[in-house]
Structures are given as structure tokens and as C-alpha cells.
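Here the protein sequences come in this chain order: A and B. Under the working numbering, the first residue of the first sequence is numbered 1, with each subsequent residue one higher. Under the working numbering, the first residue of the second sequence is numbered 1, with each subsequent residue one higher.
I should point out that these hints are in silico values taken from the structure, not numbers from a laboratory. Please note that a few of the clues may not be correct.
[To be verified] Heads up, simulated DSSO-like pairs for lysine-lysine below, C-alpha to C-alpha not over 30 Å straight-line: (1) Lys61/A <-> Lys124/B; (2) Lys124/B <-> Lys68/B; (3) Lys61/A <-> Lys68/B.
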Amino acid sequence: MAGGSGADYYNLPNVPYVMYFSNPQVPASRGFSLHGAYWHNNFGHAMSHGCINMKETDVAKLYDWATPNSTGTTTHSSIDNPGTKITISDGT
Amino acid sequence: MSSSKLKLIIALLIILIAGVGMLMFSQQKRTTETRASESVPDLLSLSPIPVSQDLDPEEMSSPDGKQKLILERQQTEELLKYSLFTSDESESKLFIYSKELPVAQAISIPFNTWSPDNIHFFVKESSPEKINYFVFLASGENFPDNVQYLSVQELFEEKVEGYFITDVTGWAAPSLLIVNTKENEGDGKVSFWLDVRSQSFIRLGTYFE
Chain A
1 MAGGSGADYY NLPNVPYVMY FSNPQVPASR GFSLHGAYWH NNFGHAMSHG
51 CINMKETDVA KLYDWATPNS TGTTTHSSID NPGTKITISD GT
Chain B
1 MSSSKLKLII ALLIILIAGV GMLMFSQQKR TTETRASESV PDLLSLSPIP
51 VSQDLDPEEM SSPDGKQKLI LERQQTEELL KYSLFTSDES ESKLFIYSKE
101 LPVAQAISIP FNTWSPDNIH FFVKESSPEK INYFVFLASG ENFPDNVQYL
151 SVQELFEEKV EGYFITDVTG WAAPSLLIVN TKENEGDGKV SFWLDVRSQS
201 FIRLGTYFE
């Protein structure tokens, strides 16, 4: 997973349990996802420009629970294998 | 009346008088006990006060899920004894550290206690007057300069001027602890990294909310 630019550039290989999400206002091309983060342990505090970082042990359980059911390296949601609805709150 | 009948009557009278006397004595004694029990707390109805009591331990799993940090607490009348252990998948506990504190002070395990590489952890010690954070090696070994733990507060006071610690939120990287501070004079907020390997502070341009 790589992105950003300048001082914000990042390149983090082997990010585990990536679950992309999107809606009409936030297209999939933005690359926002829930995923494990092995490089820090500062959860509950802003550590990303849009992704939701989780402990690997926690995200593994969520990944197994959520849909679409994985059928390979990359699985897109479909009518037959729909994705789990995600609601994001700003915490207010 | 024959003398034998007279003796029998006398004996019966003696037994009767003795019985009445014992009955009156026991009644008086019961009354005294009742009065006594009214004037002192009913000790039998109070819970017994143990010499020490084990409270529920706190636990936090390491990021790889292979270790646990365990904080056991034992309460005596005036103190709480805190004992830190780590355990691996074999569930055998490794003693790390123990400390007794007055009940107004407490040691706790923050959610982000473990370093991402599962080598270090930090705990919080709080009292009404101050908060401090201590970093340990999960292996139970000492730091290179043979100290058992790093006192974040002491290191900060020694190496940084003009700020005081408000919070330690977690780890930015395997050896970098995030330390939030405020200016001693003013409202400016600054985050630092404490590099636990070099025991030095790195001032950041971004404040970690």
C-alpha cells in the first residue's frame, strides 16, 4: 500500500486484511479501506488520511465476518456476493 | 406425717426453689446480653474484613496475539499491590515488576500498551497530583544501562524544557512512543516521539490528537 506525496509519502508492504469501501461521494479510486496496521500501535488516534487502521488480531476477526466472502487474492462485491454495509460516524 | 414424707417434701421444695432461682438467673443473663448487643455493632452480620483481597486482573494482548500483559492487583487495608507479568502461548507467567501504592494512586494498562514489534510495553501510573508512564521490556530484561524501566516523566524533565506531559497515547513505530505535551506558559500543544532505544525525544511538527 503506497500513497501520499512529499513528507506524507508512504509505502507499506504486505498490509493485511484490506477491506475497501466506497459510496457515490467517495469513489473506490480514493483507496479508503479498513485494514490491519503492523507498523504502529496508536489506535483510537488519527494515524491515516482516511483509512481505518486496526489491530491485526481484531481486523482478522472482522475480515472473517464481513462480506463479500473471499474467493481469492482480490474479491469484489457482486449481487451474488454482496459487501457488508459500512456506516462511518464522525464521532459527534 | 412421717419423717420420710417430710424429707421428701423438703427435698421437693429445695428442687423447686433451685429451679426458680436458675430460671431467674438465666433470664437476667439473657437480658444483659441483649443490652450488650444493643450497645455494640452486630459483628456477626458484618462481612469479615480480609487481610488482603485479590482484585480482577487487567490483561492486554500483544499485536501479534502471542503474548499477554497481565496486571494483578491485591488490596490490603491501606495499599494496593500491583504486579506485572507477561505470558506467552504456553500461559506460563513471567514476573516483570511489582509496586505497592496508596489506594488514591493506580497503575493501569493503556489500550495501546504494546509496541508494534511486541518487545516493549508501557503502563500508566496516576495519582490526583501527577501522571507518569513507565516503559518495560516484555522479556523481563533490563535496558542497556541496566535500568529495569524507563520513567517517561523523568526522562522528559531531564531532556526537554518548557513543556509538560499531558498524555502518552501509544506507539508510532516499534521503538517510538508518542508523548503529547503542552507548554508550561501558554496553550501550545506539541507531540514528541520518545525513542526508547536511544532514550531521546524527537519534537514533531504534527500534534497527535
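Hint-by-hint comparison with the structure:
1. Of the pairs offered as hints, the one joining lysine 61/A and lysine 124/B holds, with about 28 Å between alpha carbons and a cut-off of 30 Å not exceeded.
2. Between lysine 124/B and lysine 68/B the alpha-carbon distance is near 17 Å, which keeps this suggested pair within the 30 Å criterion.
3. Taken as a hint, the lysine 61/A and lysine 68/B pair is honoured in the structure, with Cα atoms around 18 Å apart against an allowance of 30 Å.
The structure fails none of the hints (numbered hints given earlier).
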